[in-house]
Amino acid sequence: MAPPPNGMHELLEQLETLEKTANLSASINDVQNAIDLLTAARAKIANDPQTAPITLAKLQGPLRSTLEAAQKDIKPVYSGLNKYGRALDKKFKDKPLPPTSNDALSSHPQLINRAIAMHLLREGEFDVASTFIREASQHPPQPEPTPNTPHPYNNLSWEKNMADGTFNSETLQKQFHEMYHILHELRQERNLGPAIEWARERSDVLEARGSNLEFELCRLQFVCLFVGHGVDADDDDLMEEVPLGPMQAWEYARREFGGFQRRYAREVQQLMGAMAYWQNVVGSPYRRYFYNDAAWEEVATSFTREFCSLLGLSADSPLYIAATAGAIALPHLLKLQSIMEKTRTEWTTQNELPVEIPLPPAYHFHSIFVCPVSKEQSTDANPPMMMPCGHVIAQESLDRLSKGIRFKCPYCPGESHPRDAVKVFL
Amino acid sequence: MAELTTTKLNAESHLLLDQPLLRMPYELSRRNQKNAQRYVENGTKDLLASLSTTTKSASKSSAPDATLASLDSMISKMQGLKRKLGGLHEEEMRIHKSNRARLQHLQDLYEVQSLVDVKYDEWSRVRLSRLLVDYLLREGYSESAAHLAASQGIEELVDVEAFVSCHKIERGLREERSTSHALNWCKENSKELKKQNNMLEFELRLQQYIELVRQGHEQGIRDVDMEDGLDGSNGISLTGGGSIGGGEQKLVEARAHAKKYLSTSGDFELMGRAAGLLAFKPWDNVEPYTSLYSQSRWNHLAHLFLTTHHTLYSLPPRPLLHIALSAGLSALKTPSCHSAFTASSGNASSSTTSVCPICSTELNELARNVPYAHHSKSLVENDPVVLPNGRIYGRERLKGFNDGLGTERGYVRDPVEGLGGRKWKEGEVRKVFIM
Chain A
215 MAPPPNGMHE LLEQLETLEK TANLSASIND VQNAIDLLTA ARAKIANDPQ
265 TAPITLAKLQ GPLRSTLEAA QKDIKPVYSG LNKYGRALDK KFKDKPLPPT
315 SNDALSSHPQ LINRAIAMHL LREGEFDVAS TFIREASQHP PQPEPTPNTP
365 HPYNNLSWEK NMADGTFNSE TLQKQFHEMY HILHELRQER NLGPAIEWAR
415 ERSDVLEARG SNLEFELCRL QFVCLFVGHG VDADDDDLME EVPLGPMQAW
465 EYARREFGGF QRRYAREVQQ LMGAMAYWQN VVGSPYRRYF YNDAAWEEVA
515 TSFTREFCSL LGLSADSPLY IAATAGAIAL PHLLKLQSIM EKTRTEWTTQ
565 NELPVEIPLP PAYHFHSIFV CPVSKEQSTD ANPPMMMPCG HVIAQESLDR
615 LSKGIRFKCP YCPGESHPRD AVKVFL
Chain B
78 MAELTTTKLN AESHLLLDQP LLRMPYELSR RNQKNAQRYV ENGTKDLLAS
128 LSTTTKSASK SSAPDATLAS LDSMISKMQG LKRKLGGLHE EEMRIHKSNR
178 ARLQHLQDLY EVQSLVDVKY DEWSRVRLSR LLVDYLLREG YSESAAHLAA
228 SQGIEELVDV EAFVSCHKIE RGLREERSTS HALNWCKENS KELKKQNNML
278 EFELRLQQYI ELVRQGHEQG IRDVDMEDGL DGSNGISLTG GGSIGGGEQK
328 LVEARAHAKK YLSTSGDFEL MGRAAGLLAF KPWDNVEPYT SLYSQSRWNH
378 LAHLFLTTHH TLYSLPPRPL LHIALSAGLS ALKTPSCHSA FTASSGNASS
428 STTSVCPICS TELNELARNV PYAHHSKSLV ENDPVVLPNG RIYGRERLKG
478 FNDGLGTERG YVRDPVEGLG GRKWKEGEVR KVFIM
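Protein sequence lines correspond, in order, to chains A and B. Start counting the first sequence at 215; every next residue gets the next number (the numbering used here). Start counting the second sequence at 78; every next residue gets the next number (the numbering used here).
Calculated directly from the structure, the hints in this document are not laboratory data. All residues carry an ideal CB built from backbone N, CA and C; glycine is no exception. Fair warning: there could be bad hints in the mix.
What the hints assert, rightly or not - Label-pair restraints from in silico Cβ distances: (1) B:Ala227 to A:Glu465: 45 to 51 Å; (2) B:Thr130 to A:Ser279: 15 to 21 Å; (3) B:Thr419 to A:Pro310: 37 to 43 Å; (4) A:Lys234 to B:Glu89: 25 to 31 Å.
Claimed, not checked - Straight-line Cα separation of at most 25 Å, DSS-like style, residue types lysine-lysine; simulated pairs: (5) B:Lys122 to A:Lys286; (6) A:Lys307 to B:Lys85; (7) B:Lys337 to A:Lys305; (8) B:Lys271 to B:Lys337; (9) B:Lys154 to A:Lys272.
Looking at chain B on its own, in the form it has when it is part of the complex (with noise of 0.2 Å):
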């Protein structure tokens, strides 16, 4: 009985990992979809202009071949529209055929009962595959996730070229320290950018202020004089620039940038904060300048981009293989893991046992922080005795290891010390009582 509610699978709440696997395809089409229709909406808004025009000119004047060239534009216009629907119509078609393949292997685990099923080991092999994946992806190892895909034949259910994207935007923040990448981005998909009221291009318009200023401030070290460094700071105006220096060019430059893209966010206090970045020069080292002009802004930044872009296709924030074995982790974690001595049982000094995977090298220091599992019962082997040296094993097991041991006859020795170490009378093993 105890056994079949340990062993049962429930596939409806046995789910939880894998809604990002659907999510991602969904997200997609939808994107598709929206360009789709974009480029439908301006393509005709574009035809039909120019077809009235045509039609004007053409009943003005008769110049055949002016007409004649309009309508071949026309048509290439329109064969250019359809190159591009064609485009997305492959892509829609890629996305759900790999849609497809991910609904069916999720439904395959609805088809097993059982946690003890070899079908659930497979499956459960396939998920941890995509965890991985995904993990590497995450982390930026995209030719090693790549390579694992392939290797196990799961491309179907992982997004690779997403987190190809994905990273080059980033590592274009982090790395290059520039913005271009990510403001393309942020054009892709301003519509759901702004629903969600999202910060993300404010705050690389206003890092390119920043870089505008203390691009001038460097130039101008000579030609900028304190009068229209002052001047900056009252406020953004663009009628401050009085010297003609290539510094105080650029800080023109910066204070129309600010108007054009910072000005309509309503954030004074922010405001007032970039206006002093005019009279405050990256070396000033005064506050609150010194941690706008910090070049740790930009992995602020790339870590702001990573969290919208994963927002936005509703990918959690951590990789998923954190959340299995952190959970996993602890489920099977006892206190003999860590233990300063060898446990009885799961350890690999013979060949009775099978190492837990939580004293296995792989997860030891690993598992070392997280809390171990709750047990409200006792969990020993059947006819339990103890050796006088205080070990505690199953009465067939202990027979079993000596017997493969050759342990001579009426004598038993203990599993952990091997045949190296004592050994003791038969009549010296006890039963000991585990409730």
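With the rest of the complex left out, here is chain A (with noise of 0.2 Å):
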């Protein structure tokens, strides 16, 4: 087995010594003493003049000698400093940085900040976002041209999408705020209310993308009420013989859960029935339902998602997913790199990288279809084609199989007509 590695310990242990001895407090008593040995020949002159010239002559010597030693006392600094330089080599010798060559994204600076502004705002940080944005506006950045892009596409100002909505920082502003506010009341403040109101004024396209969020925030209302928090239940409340919750939930359903009747009828009954054991949930076969403490972040996840959603966003930053991808991906990019220049070649592959990037699968969005037979990925131009066999192949890969006539499916039995083939989408 390798040692481990020692990550940054070698480089933290030459800055302790600079910090703690190689520095130039040394020096600074060095001078500091230049300065008592003049104060005290200047209080002897003072004192009697005629000592001046001895004392004068008494001085040069120790003088010298001080100042020498503050000149002399900068060297452990100076090789301190050296030594963790040397560190420093060592510990990036294999990591250059990674050259800017392939860089596409100068010629788009205006969508760069574009995205920064948006990221600002979905993080929260609205005031950044405001700094930013006034910034970004009045100095407006100069696209730069590249291999690719070599005259820079400059009518995309801010000002213009400003002007057409594209970017409407203030509409976006005002959206965010929103959601920062329900997740608050969500997460903070357990209050349901905000959410459950966002979520009934959009009921109907929650519905028709299939969405379980107003449902589900007014199933965590009832077990709130039931359980007893989430509205101002008093202690006396408890005490009582017929505690006020689980009262209050009955009410809360018999209000609220007609409308899910249709597409929730089973998820309902189950909390009704468990009104049966009222007087012990806790041991009830209904007690998942009632403590489950992943609830709240569940449901404000799941509130997350669909807000972004509904504004064509991703839940999470992507501007956050794709510098993460990034940095996974650069290792791989740099050894590619230095592979092609030891064997001179180059990229054959304008549109496509030459090398897979292996990335956690959470950053896997769409599914990926890549021909078994070609081994291309599929393209508009090309895309992938069902035989009636059930078996998908590329377009291209169908038409130089089949040239047009019946033909055998490469992996089964099966013969079909090429027109018989159905485009298909993933």
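Mind assembling these two chains? They're in different frames, but the hints should get you there.
Below is the structure:
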């Protein structure tokens, strides 16, 4: 087994030397000594002017050596920094700065700025966002030409975006303000009110998306009422014969659950069934609906997802996901780069990276179709085609195999005519 | 197994973006140490010289007041030196403290083993904030940068001050058309610049010369005659000044300037062109003089300064955010992201999938020109089925969606088409084979 990587320990040790001993404090003391020598000599001469020549002559040697000490005492700082510098070089010897030759972004500074503004807004950094939007509109960036975009597209300015509404920071800010308000009420205040109100206003849209959010929120409200927090349940109520909680929950269900009967009949039934166990829900089979600590976080997450999706945005900041994916990809791209330099080859595929980047599963958002015959990814020009037997190959492979007449599927005995193949969407 | 290979975090190879984080404080420390050394050396030389003069004069005449006054001045010089060193010491410790925070931040990554660990997520968010601050500083949005750094509590991990002073110099060149800040900077860093054979100072001096000549020509439209102009073009000489107009005065100054700062370069071809400026006026429109007179040279100087500055501090020429994003956009991009057809996965139209970050408004246009990721194997949901309209879904997800939608028993709807779309009998859903 290889020894464990020592991380930043060596550099931290070198830094400790610099902080503790190899710094300028010794030289400062030397200079103070020189001041003391001079002050003492001055006092002596002031006291007895006759001694001036001899005092001054005697001062020469000690003053010189004190000042030389001041110079000498800087040496450890110098050598300490040198040592640190060598350790730094060693640490990053195999981690060169990635080449910037493939920078396709310099020609789109406005798009980067817009992405940053949206990132700041969605992260709830409203003040920073407004500072940034002000600074960026006062000093719009200058696009630089890149190999792929020699004539940068300059008319996509913020002003235009603001005007045509594709980027309206105020609207977006209002929207994210609302999102953070609702999330705050959910997470910190345990108040479902604003979230339920939000979901109810968009009931149709959410239903069309197959979202359970509204029901989940209402179910949690029911649970809250039942177990007695969320409303101002006085301690006295808990002592009563018929607790207020289950009563209120019952009331709530009668009032609100009517609309859910069609889609959530089974879930509503379960909740109603639990009413029978109101005296001992903890010991009942319904316990998991009532004591689920993760429930709040779950509805908060699903609320964030729906909220962003309705704006056409992904739930996590794309800038964050892309920058992280980039950092994961860089070592692989670097390896590729050095191999290409050694073998003096260049990318043969303009549109596709020449190397596979292994990203964690959470970074896969779309299904990928790679044609099993040609090993190429499908594109709009070369879409996946399903033969009647249910196997899928790319259009170009289909054309090549069939030559326009009946042919046998390469993966099963099924025979078909190319016109029977249908385009599929992944 | 496959999961393990894609989620394992190797900190050692993961730190490609982080070298500048440590380079900057190191370079600043070195500069600090050099300044201290210079102060002490000069102070020593100065003091020992004063002391020997004072000793000499004290032995000759016995005027105690003069001796005491000299001693007082020596003491105050030493106090001045101590104050300066004290300032540098404070700066030194401040840099070390910030450097410690940076090393610790990087060390934190070594404690994380997996890319799906929530600790990696937190670390990566700090990194993004760092990259954003770096980007904002480079673009000159210093206020936003400082604001973001403060709000995220990462002041120790970013170099706001260094960039602010860098931009002051850059703006001096680009907007105020003044070389003074930039020349000061060259002086402060003269040793390193010499080591790199850097041309910045020469270019700045050349610009000063060009400006002097320009002023000379502009002021002297009337009083400079052709003879003097021709005389100038024969070479740089101080003897050419015959008439006494204000414009001519400037041209004399220009020649002196050239002799002092430019003649040592050894670039005779350039010297010839520079000399030619004396003969050709800014409005003559003759190359190569027009380019030398051009105002765009100021942008060139600003750019040259930035490059020099970034090289000196080992900063990459482009923002790190560009590097991270270029790689990330490609790693995430699929042919579906800019397809004319809605993908069945990663879209915004149903609540069963998460919106793909490349398809999201923020990055979609930006990713248009980058290559998409390479895949050697298909990646599809488990148990894929196809609807009569050609859309493919994992059986589980299709069921989840239809349950959520409350589709009538025995029927299915397409998540992309939603409630308003078509519905099919369950029997029409077919199994599909993706190899």
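The hints, checked one at a time:
no.	hint	result
1	B:Ala227 to A:Glu465: 45 to 51 Å	holds, 49 Å
2	B:Thr130 to A:Ser279: 15 to 21 Å	holds, 20 Å
3	B:Thr419 to A:Pro310: 37 to 43 Å	holds, 41 Å
4	A:Lys234 to B:Glu89: 25 to 31 Å	holds, 28 Å
5	B:Lys122 to A:Lys286	holds, 14 Å
6	A:Lys307 to B:Lys85	holds, 23 Å
7	B:Lys337 to A:Lys305	violated, 45 Å
8	B:Lys271 to B:Lys337	holds, 18 Å
9	B:Lys154 to A:Lys272	holds, 20 Å
When held up to the earlier numbered hints, the structure conflicts with hint 7 and nothing else.
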